[in-house]
Amino acid sequence: MISFTSNSSESDGEFIARLYEEFKYIMLSTAKRYVDSPEDREDIVQESVVKLLGKAPLLRGKERPALAAYVVYTVRNTAINHLRHVSVEKAHFEELDGDAEPEAGAMPLDELMALREREVHLDRLLSRLSQDDRTILIGKYILEYSDEELARELGCKSASVRMKLTRARRSALKMIARDEVLSHDEA
Amino acid sequence: MTRHEQLTENYEDALFALLMEKAVEKQGESLLEENERLRKTDESAPSPTLDSRINDAINRACSREKAVKARHYAYRVVKIAAIAALVAALLLSTAFLASRSGKDTTLEFVNSVIDDHTVAVKINKKNDDSPSENGFLGIEAGWLPEGYKLVDSEQREDSVKYIYKNFDGDTVTVQSYLALYSLSFFVDTDKTELSSVEINGSEGRMMIDDNIHIMFQLGQNERLVSVYNDGGNVAVEEMIKIAENLSLI
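Those sequence lines, one after another, are chains Y and L.
Heads up, the first sequence is in my numbering, so the first residue is 165 and it goes up one at a time.
Heads up, the second sequence is in my numbering, so the first residue is -5 and it goes up one at a time.
Worth double-checking, as some hints may not be accurate.
Stated by the list, open to error - Capping the alpha-carbon separation at 20 angstroms, the derived lysine to any residue pairs in SDA-like fashion look like this:
1) Y:K215 to L:E30
2) Y:K215 to L:D45
3) L:K60 to Y:K338
4) L:K60 to Y:A181
5) Y:K196 to L:N160
6) Y:K215 to L:D224
7) Y:K338 to L:A11
In case anyone wonders, no lab produced these hints; they're calculated from the structure.
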């Protein structure tokens, strides 16, 4: 197993080449879940590697488990965008103007504080969320996108991102509070 | 938003980030196990061509990044000289216009300093006659950087636009206009490096910030051409080469 300590004398290109070498199997396996064609899967992996190169400084500071998750979510996002481009029924992915939607109410502070020690089952949480909520929470908290990058992912204005993020986060926190999406040990 | 609401939102954000960090770490450990299992069973093995495609893509992206950094460094060094040249050009502007009066070109570019941060670039028609050319305004790119190909074009009454893209989604846009009237635009010199450029004997202007933009006259009429790279991922020398290899069709 290759250790993933970042070497400061290593260029970003060398670091990402090593990252690809380490995680290429799971990258292809992830792409396989979304597209059938081997050519499309390879295109998705290639595009993902280029995206990861742009995030090399961010990735150098991460531990291996977090790196693995980042890589997989990048491939997942790239695959979903690829599907959007080829989908005929684009209406499913059209973004409603978020400014018109009511903002979800905040939970009381004492209830929020009680969530500190919860162990969240990530797949369970993400599967319960709407596609937009999933996209924005993954983009913000896993892929660490800026507001501009999130706006591009969602196809909305930058000004709408903050409100969409607040709403998505509150939906997720309420699910966590209701014990709907905890790890097996705790549920 | 009240202060309390802002603080609550900040707390929600930090709390959710911590919950997600823990969840991601746990999921990451499962993913590492899955990756190892796939590697041992050789499931989802990449094809030999994919490995070499990935290496090429990384090398291309890194070369582009180095070219952008080298360009920015070179222009920071030249910036002081460029500003001095601009001031000298303004002082000599009458002699400059006189020296070009014998040429065939009918568009001329004139810079005017508005303030410490702003230069106006005026594109003057040398005469008020009707345009010497009517009809289709098409132009053709005789040379493009590797990987770029035409993906879209749009024709309007007095202009035409061509969009070229490469596999990575980088874009070069070429637009051709009939300059029916003199026009001007403003450049924020704090953010944008403005310089003169000569394309096949025709004067033009080049603007560099996060993007690269060249405007010049193509041919011996009022045809104004714009070559634009969104994101600045094409080298300056290549942008000039694109411009030099445009031709009328």
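Here is what the structure says about each hint:
A hinted pair counts as satisfied when its Cα atoms are at most 20 angstroms apart, and K215 of chain Y with E30 of chain L does not qualify at roughly 23 angstroms. Between the alpha carbons of K215 of chain Y and D45 of chain L the distance comes to roughly 16 angstroms, so the proposed pair stays at or under 20 angstroms and holds. Annotation: proposed proximity of K60 of chain L to K338 of chain Y is violated, straight-line Cα distance about 47 angstroms (limit 20 angstroms). With a C-alpha separation of about 17 angstroms, the suggested pair K60 of chain L and A181 of chain Y falls inside the 20 angstroms cut-off, and the hint holds.
For the hint pairing K196 of chain Y with N160 of chain L, the CA-to-CA distance comes to about 25 angstroms; that exceeds 20 angstroms, so the pair is violated. About 17 angstroms separates the Cα atoms of K215 of chain Y and D224 of chain L, which keeps this hinted pair within 20 angstroms; it holds. With a CA separation close to 15 angstroms, the supplied pair K338 of chain Y and A11 of chain L stays within the 20 angstroms bound.
The structure fails hints 1, 3, 5 (numbered hints given earlier, in ascending order).
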